Amino acid sequence: MIPQNVIWTIALIGMGLVALGFIHVIVQAGKPADDAATRKAAHTSNVLRRWLFAALLITFVGGTYATLRPFPIPLQYAPLDAQQVVDVVGQQWSWQITPATVHTGGVVEFRVTSKDVNHGFAIYAPDGRIAIQTQAMPGYTNKLLYTFTQPGTYKVMCLEYCGLGHAPMTSEIRVVAAKGD
Amino acid sequence: MAILTMYPDDERLEGANRTAFNLYVVTAVALFVLMMLLGLAMRMSQATWINVAPDLFYRLLSMHGAGMVGTTALATTAVMWFFLRKYVQLHLWALVANYVLFLLGALCIIVAVFAGGYGALWTFLYPLPVQSVGLWSPNAAALFMLGYLLIGIGMLLFYLDAAAAIIRVHGNLGRALGLQWLFGGTIDPDHPKAVVAGTMVIIANSLGILAGAVVLVMSLINVFYPQMALNALLAKTLIYWFGHMYINATIYMGVIAVYELLPRYSGKPYPISRPFIWSWAVSCLFVIVVFPHHLFMDYVAPHWLLVTGQVVSWGAGFPVFLVTAYGALTNIYRSNMRWTMPSRLLILSMFGWAAGIVPAIVDGTIRINQVMHNTQWVPGHFHFYLLLGVLPMALALMFHVIGRRATAPPNSGTDRIGFPVYLVGGLIFALAFLDAGRLSVARRMAEHLPAWTFTDKIGSIGAILVVLGMLYFAIRIAVGLLRPPAPASGGPRDRAANTAG
Ligand code: HEM
Ligand SMILES: [Cu+2]
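Chains as they are written, first to last, in the working numbering: chain A, 1 to 181; chain B, 182 to 682.
Watch out, some of these pointers could steer you wrong.
Straight-line C-alpha distance at most 20 Å; calculated SDA-like pairs for lysine to any residue [said to hold, decoys possible]: (1) A/Lys31 x B/Pro450; (2) A/Lys155 x B/His629; (3) A/Lys115 x B/Val404; (4) A/Lys115 x B/Leu414; (5) A/Lys155 x B/Leu630; (6) A/Lys31 x B/Arg519; (7) A/Lys115 x B/Val314; (8) A/Lys115 x B/Pro308; (9) A/Lys31 x B/Asn517; (10) A/Lys31 x B/Gly448; (11) A/Lys115 x B/Leu316; (12) A/Lys40 x B/Ser454; (13) A/Lys155 x B/Ala632; (14) A/Lys155 x B/Trp633; (15) A/Lys155 x B/Thr634; (16) A/Lys115 x B/Met409; (17) A/Lys115 x B/Leu415; (18) B/Lys638 x A/Gly128; (19) A/Lys31 x B/Trp520; (20) A/Lys31 x B/Arg515; (21) A/Lys40 x B/Arg515; (22) A/Lys155 x B/Pro631; (23) A/Lys40 x B/Thr511; (24) A/Lys31 x B/Thr511; (25) A/Lys40 x B/Gly448; (26) A/Lys115 x B/Gln408; (27) A/Lys31 x B/Leu185; (28) A/Lys31 x A/Thr44; (29) A/Lys115 x B/Leu411; (30) A/Lys115 x B/Asn412; (31) A/Lys115 x B/Pro407; (32) A/Lys115 x B/Ala413; (33) A/Lys40 x B/Asn517.
Covered stretches of chain B, going by a simulated chain A footprint (3 or more residues, C-beta under 8 Å) [claimed, not checked]: (34) 312–324; (35) 411–425; (36) 476–484; (37) 493–501; (38) 516–527; (39) 546–552.
To be clear, the hints were calculated from the coordinates, so they are not data collected in a lab. In this text the structure is predicted, and so the values were computed from the model without any measurement. Even glycine gets a Cβ: it sits at the ideal position worked out from N, Cα and C.
Make a model of the complete structure from these sequences and hints.
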């Protein structure tokens, strides 16, 4: 299951529902209604709105809980005790990644910063989709935790516009199978 | 019922008012077309159909971003002025001052980009403007920022005049928002929605512009005294606080057109209600505190701030779905609606806003942002609700106004072709960006990987349609506006329109 495809499906369903609601009303908009029908429609509309409110509220509470627990960002001001540590420094327009080889299984801590302007440190999986990202900001070190499951060559791209060489500012991380895997 | 008069007398445009309004509208539609052509050039270059060199691409991107945001603000300011002036006494000098400062600011930006080579985008994210690696000089960056300051000052002048006028009538801004009716009391049925929305915009956007002014001045000092370095995270926070509020304010200014015009075309009253007051009070708070969703990938930012960003981003859906879009749909349901350009555009704008906010909310989730941030998902969602939401709000008022001056309602054969061209083009264009987000295509890149160009091509086709549609709208509106106004007291057009409702 590719996360991006799930996200796209959720968004399409949401936009589709909005579109259906609009089409339903637009089809009805051209028809006249007498006073009784207008009163009835107003009543239905109020009832429907309450149901919609309830549905949105449930999605809101459930979704908030599900997406924030566990919190998706690691603690930044405490030691993370990861098995592997990689230092990442961005600068116009290249990446310095040490070490550039990690192994699957054990969690990797990336310590990401920049020497000059803001950059975006994004790890692209071999299938071309973003696996995870964080900002590379001058004066700060963002700590990112990620556990690789698939060995292969992961591409690093810059996801914060940083001037003329922004698009070619790429690098690679090699992920090898852990011994015993 | 007064509310259903198609062209009420207190909305007449005469003398200097008419000139000022026409200047706003003609400038706005001309700039929209030009900025769209720049956008088309970028999109087609990503699609490898034409070749725009990277340095030019980023200058075009800077011009397009700043130009579109500024022009949308200009157009929706005209919407707010057009309706608000009926309820409170606005001074024409404030409207004109805003226009003049806008033009001066735009001139600075154009010179900075095309003569100075400025290419640090509309967000001027510190410290890129002063670290171009020789592509543009710090002076070009300073000129760009000066342009922003001028535009911001103009906007503030307009808001200050409007705030003073509102306070003269309603006592204070809280009462203008209708806060006294949140928990009870009989709502004054004549309390204008334009005043509620206008007040919200004044409060939120003045704060945003002030934050922008602070970071602009700090950045300008840094240009000339590089030893006075800024804190990058603080600068980013202020920039997005300003940027988010500024572009969102355009929606809240533009939507006044829906409140005012929709009931005239549906023939059904669209009264103020408690949910409405709640939705604007809540939106006012939300739009001020939602900006941390731009900081999700800055893991060092305080985590409570990021949680606020997510919770408020999601919460922002409630007023839009339950009150604004829902209210508009309820208003037209079985209303014997006559579809002409203004009414089509009004409903399109509600759809564009309500549908476009879906991918926006989705991306306002930290976990999702980790794989969607700064992909083309982002231009996907905001082009959706700017192109299909905000622009149609402003265009609806423009078509409404030219309808008064013409002999026939704005619903010509070419209108009936132009509208679907714009709509279908806009959908293709926005959905292609969103699909590119699914494929992890990075935003703001002059050169795309070969695997990315398919969505670029689809998007370019949509963009061509949008440009054609907009070009037609622009000509139609400009020509319509320059016609002399219809005779004063209810000509045949007015009466015909009234009975149509
Ligand atoms: C035919 C219509 C349009 C076309 C073809 C177009 C094209 C583009 C393209 C290609 C980008 C860059 C995408 C990327 O990051 O890879 C962009 C960005 C942008 N567009 Fe448009 N656009 C159009 C209309 C609009 C409208 C109507 C608005 C606002 C009202 C707008 C506001 C913006 C903004 C704010 C950006 C972001 C700039 C940045 O990333 O710094 N665009 N547009
Ligand atoms: Cu970059």
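Going down the list of hints, with the structure as the test:
1. A/Lys31 x B/Pro450: holds (17 Å)
2. A/Lys155 x B/His629: holds (14 Å)
3. A/Lys115 x B/Val404: Given that 20 Å is the threshold and the Cα spacing comes to 18 Å, the pair holds.
4. A/Lys115 x B/Leu414: holds (14 Å)
5. A/Lys155 x B/Leu630: This hinted pair holds, its Cα atoms lying about 12 Å apart.
6. A/Lys31 x B/Arg519: holds (10 Å)
7. A/Lys115 x B/Val314: Given pair A/Lys115, B/Val314 holds - Cα atoms ~13 Å apart, limit 20 Å.
8. A/Lys115 x B/Pro308: holds (11 Å)
9. A/Lys31 x B/Asn517: The hint holds at about 5 Å.
10. A/Lys31 x B/Gly448: holds (12 Å)
11. A/Lys115 x B/Leu316: At roughly 19 Å apart (the allowed maximum being 20 Å), B/Leu316 and A/Lys115 satisfy the hint.
12. A/Lys40 x B/Ser454: holds (19 Å)
13. A/Lys155 x B/Ala632: This hinted pair holds, its Cα atoms lying about 14 Å apart.
14. A/Lys155 x B/Trp633: It holds: about 15 Å lies between the C-alpha atoms, which stays within 20 Å.
15. A/Lys155 x B/Thr634: Holds - the C-alpha atoms of B/Thr634 and A/Lys155 are around 18 Å apart, at most 20 Å.
16. A/Lys115 x B/Met409: Judged against 20 Å, a Cα distance of about 17 Å means the pair holds.
17. A/Lys115 x B/Leu415: holds (17 Å)
18. B/Lys638 x A/Gly128: holds (19 Å)
19. A/Lys31 x B/Trp520: Holds. A/Lys31 to B/Trp520 sits at ~12 Å (cutoff 20 Å).
20. A/Lys31 x B/Arg515: holds (5 Å)
21. A/Lys40 x B/Arg515: holds (11 Å)
22. A/Lys155 x B/Pro631: holds (15 Å)
23. A/Lys40 x B/Thr511: With a Cα-Cα distance of about 12 Å, the restraint between A/Lys40 and B/Thr511 holds, given a limit of 20 Å.
24. A/Lys31 x B/Thr511: Status holds; Cα separation ~13 Å.
25. A/Lys40 x B/Gly448: Distance ~18 Å between A/Lys40 and B/Gly448 Cα, so the pair holds.
26. A/Lys115 x B/Gln408: Measuring from Cα to Cα gives roughly 16 Å; hence the hint holds.
27. A/Lys31 x B/Leu185: holds (19 Å)
28. A/Lys31 x A/Thr44: Holds: A/Lys31 and A/Thr44 sit about 17 Å apart, inside 20 Å.
29. A/Lys115 x B/Leu411: holds (14 Å)
30. A/Lys115 x B/Asn412: holds (14 Å)
31. A/Lys115 x B/Pro407: Given that 20 Å is the threshold and the Cα spacing comes to 16 Å, the pair holds.
32. A/Lys115 x B/Ala413: Cα-Cα ~12 Å, so holds.
33. A/Lys40 x B/Asn517: holds (16 Å)
34. 312–324: holds (count 4)
35. 411–425: It holds, with 4 qualifying residues against the three required.
36. 476–484: holds (count 5)
37. 493–501: holds (count 4)
38. 516–527: holds (count 4)
39. 546–552: This one holds; 6 residues, not fewer than the three required, reach chain A with a Cβ under 8 Å.
Checked against the numbered hints above, the structure violates none of them.
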